[in-house]
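Trainee: So the chains spell out like this:
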Amino acid sequence: MEIVLLNNFKILPVIFILLFLSLSACGVKNDETFYRELDSKIVKAYNSSPRNSVEVYVNSMKILKKSETDNTITGKAWKLKAQKLITISCFFECTQAIDKKLYLQAYIWAKRGVKRGTVFGKVGSVSLKSLYDYLNYSGIELQKTTMVKNSNLKKILQQIDHWQ
Amino acid sequence: MKFRIISFFTAISLYLVLSGCTSIGSYQSQEVLDKSLRGKLMKPYREYEGPSRNPVIVIHGFLGSKLRDEANGRVVWGEVSFWDSITGLNDQYIYDLSLKMSKDHSLIELDENAEAYSFLESLEVQLFGIPLYFNVYEDLLLILLKSGYVEYGKPLPEGKHFYSLFPFYYDWRQDLPYSASKLHKYILRNRAYLQKEYEKNYGIKNYDVQFDIVAHSMGGLLSRYYLRYGDEDLPADNSIPEITWKGSKYIDKLLVVGTPNAGYLDTVLELINGLRVAFGTPKYPPALIGTFATYYQMMPVYGFRSVLYEDDPNGAEVDIFDPDVWIELNWGLADPRQDSILQILLPDVDDPVERREIALDYLRKSLRRAKQFTMAMQVKARPPDDVAMFLFAGNAVETSRTALVNRKTGAVRVTEYGPGDGKVLTSSALFDLREDGYWTPFIRSPISWMGTFLLPAAHMGIIKSNTFSSNASYGLLVTPSVKQDKRDKKSILSHKNLAPVSSYLGNGVFDKK
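Protein chains in written order, with this note's numbering: chain A, -8 to 155; chain B, 489 to 1001.
Hints listed in this document are in silico derivations from the structure and should not be mistaken for laboratory results.
Any given hint might turn out to be false.
Said to hold, decoys possible - Chain A regions said to be covered by chain B (calculated; three or more residues, Cβ under 8 Å):
hint, segment
1, 29 to 36
2, 59 to 65
3, 79 to 89
Said to hold, decoys possible - Capping the alpha-carbon separation at 25 Å, the derived lysine to any residue pairs in SDA-like fashion look like this:
hint, chain 1, residue 1, chain 2, residue 2
4, B, Lys974, A, Glu23
5, A, Lys120, B, Leu981
6, B, Lys984, A, Asp124
7, A, Lys135, B, Asn985
8, A, Lys53, A, His153
9, A, Lys135, B, Lys670
10, A, Lys35, B, Leu993
11, A, Lys135, B, Gly691
12, A, Lys92, B, Pro968
13, A, Lys91, B, Lys971
14, B, Lys684, B, Lys971
15, B, Lys971, A, Asp124
16, A, Lys53, A, Lys92
17, B, Lys670, B, Lys684
Beta carbons are placed, not taken as given, at the ideal position from N, Cα and C, and that holds for glycine.
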């Protein structure tokens, strides 16, 4: 038995490579599952009536955070998908807050969208760039509102970064 | 008994205190207040700076800017001495203040000898060496400065990066279409300045800068001419020019204040009898002020029945634009008694006959051009939809309405007064054509006003009125013009068209709705 092992010693690197590949594949499979599971939650939240865009945002952020440490092609692809969903969810939350005259909330959502969103891609017939530009412009305009001006800047920045 | 009296007065006092002392939350208060709480309302406007706000041009009226001789720097207009009112104006001053007459040149070819260099913010009158100030345009500038505009040439306040208030000084004696061509150059120059500032501060290239204008008195005529004809001169053949609205390309809102749109009677009286601006100021002789082209351009328009013959008050009105009438009645520059002044105005001309010829030639040219100007201004026309015109006029002071002329002596006396600001009739400011004697239930006017504000104030008092300051600021800062409204479409509130309607299919894919 030992002899066999010794004879096979030459193929040990090959075994290690195969082992690594299978483990990697398993990892990808695990990450893919992670992304997919979150994505299905997003589908549900996005298409629910009324739309739960906070849920979309939180789950998209989870995908984004994971994808930032994932240098695989899959990771990169999911990063862009997450950024898209972040832009859209921030747009929905921002505009809803504007309609309710909650300008501080609107400002925070606009800034979140600008910080983590993307200009690439389309949602149906709407370009992501138009939504991103709107969020950017809103951020500048909302900064002039008394609600934002009278608020603690440090707290606002914390809220923009907070996502869980 | 004593107790009853005390109780009675206590009850009365309590009632008065509770019912009449405050209007806050009161249904019954009938208090009328002199001052608004504009300061509070204006705060965000004061702080704002950006391309969304139109810069404003302020245009003064007749006598409204200081003039100085370009050659020697002497102040031609802006400071007057009480001593002059006793001893009379000195010859050099009369010569400096006059526009030069020449038979060989048209009115606008005559060279300028003075430059307008500042608003007549206050008129300084030296009374026995003690200066007295008649506040003139200070109040108007203050209203605009308090609204957040920054005056050109003054130090920039903290938080402001460029100028937004542009005072247009012009020689108020000169022909109005000529001044309109200068206004055009002034607008283009400041437009270029602001485009540069907007690019520097906001990264916007070639921004379509639009101006608002606040024009007082004659400044309103100048602005209205500019809106209609831009920098185009009146045709040389004396015809009425075609309205192009060329000036409206750069103008959004025009606020005219106390403007004699249909002229005012005092011009005729002053051209005949001379002008005294205020108590303590000297009298300016008819031949001197008869050189001011603008005087004729502000005479009452034909059809308003402002000047009638004493012996035929129901007959045809006196055609005050006809030079023969002036010569026949010995008026103004045609008055032979003015030769002593003509000697000062024409120092190189020794022959009195030649002097009179030059004066009559100048009178003819001035009247012909004034007639053409007034005709051009009364063509009924609606400005482009993106231009808004607002009028502020006084209606509480008795103002010269009709004058009767003695056909034999040429003497003129005012016989009828109407509501106005003391100088300009309300009907003239409105250009109410019903003054021709045919009354209709609604106004007939060649001007399409977007809004009119009638104020119980005198000619310069309109500017001081709180009603004026509140409504002028509102018109300039709060009411968007058509162009501003279009630009403001990029508002955070107009997001409905952007919202995606697609549903999410997963894996970054949306349906194609």
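Trainee: Take the hints in turn and mark each one as holding or not.
Mentor: How the hints compare with the structure:
1. Judged by the Cβ-Cβ criterion of 8 Å, the segment 29 to 36 of chain A is covered by chain B as claimed, because 4 of its residues qualify and three suffice.
2. Chain B is given as covering the segment 59 to 65 of chain A, and this is violated because 0 residues of the stretch bring a CB closer than 8 Å to a CB of that chain, at least three being needed.
3. Residues of the segment 79 to 89 of chain A lying with their CB closer than 8 Å to a CB of chain B number 5, which satisfies the three-residue condition for coverage.
4. Of the supplied pair hints, the one linking Lys974/B and Glu23/A is violated, its CA atoms being roughly 48 Å apart against a limit of 25 Å.
5. Distance restraint check for Lys120/A and Leu981/B: the Cα-Cα separation of roughly 18 Å lies within the 25 Å cut-off, and the hinted pair is therefore satisfied.
6. Pair hint Lys984/B plus Asp124/A holds up; C-alpha atoms about 15 Å apart against a cutoff of 25 Å.
7. Between Lys135/A and Asn985/B the alpha-carbon distance is near 24 Å, which keeps this suggested pair within the 25 Å criterion.
8. With a C-alpha separation of about 12 Å, the suggested pairing of Lys53/A with His153/A holds against the 25 Å cut-off.
9. Proposed proximity of Lys135/A and Lys670/B is contradicted: the alpha carbons are some 39 Å apart, above 25 Å.
10. Taking the CA atoms of Lys35/A and Leu993/B, the gap is about 9 Å. The hint holds against a cut of 25 Å.
11. Distance restraint check for Lys135/A and Gly691/B: the Cα-Cα separation of roughly 19 Å lies within the 25 Å cut-off, and the hinted pair is therefore satisfied.
12. Taken as a hint, the Lys92/A and Pro968/B pair is honoured in the structure, with Cα atoms around 22 Å apart against an allowance of 25 Å.
13. Between Lys91/A and Lys971/B the alpha-carbon distance is near 28 Å, which puts this suggested pair outside the 25 Å criterion.
14. Between the alpha carbons of Lys684/B and Lys971/B the distance comes to roughly 20 Å, so the proposed pair stays at or under 25 Å and holds.
15. Taking the CA atoms of Lys971/B and Asp124/A, the gap is near 23 Å; set against the 25 Å cutoff, the hint holds.
16. Of the supplied pair hints, the one linking Lys53/A and Lys92/A is violated, its CA atoms being roughly 29 Å apart against a limit of 25 Å.
17. Between the alpha carbons of Lys670/B and Lys684/B the distance comes to roughly 22 Å, so the proposed pair stays at or under 25 Å and holds.
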